[in-house]
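Protein chains in written order, with my numbering: chain A, 407 to 502; chain B, 21 to 502.
Just so you know, the hints here were simulated from the structure itself, not pulled from any lab data.
Remember, it's a predicted structure, so these values are computed and weren't measured experimentally.
Incorrect hints may appear among the rest.
To be verified - With a cut-off of at most 27 Å between alpha-carbon atoms, the simulated DSSO-like pairs for lysine-lysine come out as follows: (1) B/K356 - A/K497; (2) B/K255 - A/K473; (3) A/K497 - B/K351; (4) B/K76 - B/K132; (5) A/K442 - A/K416; (6) B/K306 - B/K495; (7) B/K114 - B/K356; (8) B/K114 - A/K499; (9) B/K114 - A/K497.
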Amino acid sequence: MAITTEEVKKLASLSRIAVSDEEVESLRGDMESILKYIEEINTAPLENSVEDGLLHARRNVFRSDEKPNVSGEYTEKLVANMPDSEDNFLKVKKIL
Amino acid sequence: MIDLTTLTVVKANEGLMSGSFSAVQLATAYLEEIKKKDGDINAYREVFADVLEQAKYADEMISKKENINPLIGIPFSIKDNILIDGRSAGASSKILEGYVAPYDATVIAKLKEKGVVFIGRVNMDEFAMGGSTENSAYGATKNPYDITTVSGGSSGGSAASIAMNGALVSLGSDTGGSVRQPASFCGVVGLKPTYGSVSRHGLIAMGSSLDVIGPLGKCVEDVEIVFDAIKGSDKYDATSFVPVEDGLLQKSVEDRLLHIGVPKGIIDQGGIDAEVKKNFEDIIEKLKRQGHTIVEVELPYISYSLAAYYVIMPAEVSSNMARFDGMKYGKRVEGKTLLDDYIHTREQGLGKEVRRRIMLGTYVLSSGYYDAYYAKANKVRNLITADYMKAFCEVDAIITPTAPSPAFKIGAKSADPLSMYLEDIFTVPANLAGIPALSVPSGKTAQTDTQPSLPLGIQIMATHHNEQVLFTLGKVIETIRE
Chain A
407 MAITTEEVKK LASLSRIAVS DEEVESLRGD MESILKYIEE INTAPLENSV EDGLLHARRN
467 VFRSDEKPNV SGEYTEKLVA NMPDSEDNFL KVKKIL
Chain B
21 MIDLTTLTVV KANEGLMSGS FSAVQLATAY LEEIKKKDGD INAYREVFAD VLEQAKYADE
81 MISKKENINP LIGIPFSIKD NILIDGRSAG ASSKILEGYV APYDATVIAK LKEKGVVFIG
141 RVNMDEFAMG GSTENSAYGA TKNPYDITTV SGGSSGGSAA SIAMNGALVS LGSDTGGSVR
201 QPASFCGVVG LKPTYGSVSR HGLIAMGSSL DVIGPLGKCV EDVEIVFDAI KGSDKYDATS
261 FVPVEDGLLQ KSVEDRLLHI GVPKGIIDQG GIDAEVKKNF EDIIEKLKRQ GHTIVEVELP
321 YISYSLAAYY VIMPAEVSSN MARFDGMKYG KRVEGKTLLD DYIHTREQGL GKEVRRRIML
381 GTYVLSSGYY DAYYAKANKV RNLITADYMK AFCEVDAIIT PTAPSPAFKI GAKSADPLSM
441 YLEDIFTVPA NLAGIPALSV PSGKTAQTDT QPSLPLGIQI MATHHNEQVL FTLGKVIETI
501 RE
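When you get a sec, could you build the whole thing from the sequences and use the hints?
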């Protein structure tokens with residue numbers, strides 16, 4: 407699976423990661439070899455594929471919409487973790 | 021003097037109960053070993069300042085005969101991706117610098133109830149992505165058997181901390197082999213429990229359909245005791261389940277000879293170290309001599325495991341890692357705009373392997389590729405699970421080597437991500453199928469002039485909820501290995 411430097415840049419942008427020009431090339435090489443390896447799944451015969459859910463015994467888990475945390479219980483700790491805050495609000499750069 | 025080398029949870033508990041040593045003395049003995057050895061090994065990211073206070077508290081309970089249980093006063097190391105309220109947690113990543121956990125992971129809350137002593141948090145591959153701890157932003161953890169080799173990963177700090185007598189037991193996490201492979205490399209026991217048997221609440225997520233917290237220790241019994249303490253359903257983890265009642269889904273294997281499966285062709289597949297192969301064959305012979313039945317099992321889809329894993333895992337990684345954007349916690353790199361903040365925080369805060377996996381996951385989930393990769397990988401995953409379910413109708417357990425080689429040299433695989441991924445070849449299938457698996461030390465490599473002897477491990481797998489089979493067979497292997 408060939409992957410171009412343009413595609414790597416596009417993926418980086420979708421992933422919200424800045425990449426330097428030097429790194430694009432090494433990432434491209436790495437991704438190409440990894441994608442070549444995972445291509446193998448395209449050779450797996452899938453006609454016997456089983457319905458999802460049967461095997462993992464997956465089930466829905468319901469929770470009643472009550473007893474949330476006490477308001478403010480974690481506020482102090484969460485705000486203390488914020489890189490920038492003001493009056494218990496998270497502070498970020500202007501968006502619009 | 022407490023002999024830490026031969027100490028187990030049961031022996032430590034006997035010592036504490038009989039008063040031959042106190043929890044403070046026990047913790048002090050571990051702290052001294054850490055002081056002596058961790059400069060070379062680098063297992064610990066942080067040794068907690070209040071270890072002796074925690075131990076003193078355990079001693080008070082013991083003297084008052086309160087909360088007497090097998091884990092009271094037992095020294096634990098905790099992987100750096102499991103939250104302890106009020107303490108730093110970093111997943112060995114720069115992006116979480118300064119982060120202080122606002123709550124206890126469920127496993128930690130359970131251990132606190134038992135009165136254990138947390139010695140510190142231990143090193144790992146950044147966000148658990150890697151097989152050697154070389155992806156830690158804080159340097160690799162070296163193997164206590166040979167500091168020129170890796171400790172394995174991603175829970176390398178957990179395994180090394182036990183092997184160097186820096187903790188008696190540890191908690192790690194296993195997404196594709198991250199408890200079992202370092203356990204194998206460092207000569208300790210490591211359990212990847214059934215998916216959902218241990219709550220993931222408070223574990224920094226990597227691949228949410230694969231992740232499970234698991235214990236490491238010196239012997240199978242230690243790991244069993246810790247597993248019993250941390251398992252159980254949890255309202256904060258919807259995938260956690262109530263432990264099944266004995267006799268419902270569990271196979272009874274006590275006091276009888278076992279039927280053990282070996283996947284067809286596994287020993288002869290390429291890329292397996294000769295000593296690993298020989299050791300595995302030796303163990304099989306010894307099990308046969310004990311009267312256990314060894315049969316070949318067919319797992320036709322297992323050869324696709326690694327490819328399916330390296331689609332599903334990065335896909336989940338790319339989603340889980342989206343929360344690390346420099347806004348809410350951890351490191352923030354300031355740019356001109358909000359978008360600049362995001363992309364530069366992630367560029368500088370995340371290591372290369374993490375960034376690679378996020379991008380890989382973004383690729384396999386992107387429109388046009390979703391069906392070719394992600395949808396197909398999930399079908400393969402179901403087929404692999406079906407292979408195991410079928411095999412476990414015939415056998416109690418399936419065994420393989422834990423890793424294709426003993427611990428490798430530091431730097432040997434770090435330049436080639438794919439060669440590092442191939443390390444997971446034997447461990448990944450259990451995560452895809454959600455079944456429990458245990459790595460038990462099975463012997464050591466021969467010592468040469470240039471290479472000290474290194475530990476080898478054998479992996480035992482059983483069907484969902486059947487950790488008991490792993491413990492039973494694991495204890496057998498402990499008695500027959502050399």
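Does the alpha-carbon distance linking B/K76 and B/K132 stay inside the 27 Å limit?
-> It holds: about 14 Å lies between the C-alpha atoms, which stays within 27 Å.
CA of B/K114 to CA of A/K497, is that 27 Å or under?
-> holds (21 Å)
Take a quick look at whether B/K356 and A/K497 sit within 27 Å of each other, Cα to Cα.
-> holds (15 Å)
B/K114 paired with A/K499 [C-alpha distance capped at 27 Å] = Measuring from Cα to Cα gives roughly 22 Å; hence the hint holds.
Assess, step by step, whether the Cα of B/K255 is no farther than 27 Å from the Cα of A/K473, and give holds or violated.
-> holds (12 Å)
Holds or violated: A/K497 to B/K351, with C-alpha atoms at most 27 Å apart = holds (14 Å)
Between B/K306 and B/K495, is the straight-line Cα distance small enough, at 27 Å or below?
-> Cα-Cα ~14 Å, so holds.
Does the alpha-carbon distance linking B/K114 and B/K356 stay inside the 27 Å limit?
-> Holds, at about 21 Å.
Quickly compare the C-alpha distance for A/K442 and A/K416 to 27 Å and report which way the hint goes.
-> holds (19 Å)
Hint compliance for this structure: no hint is broken.
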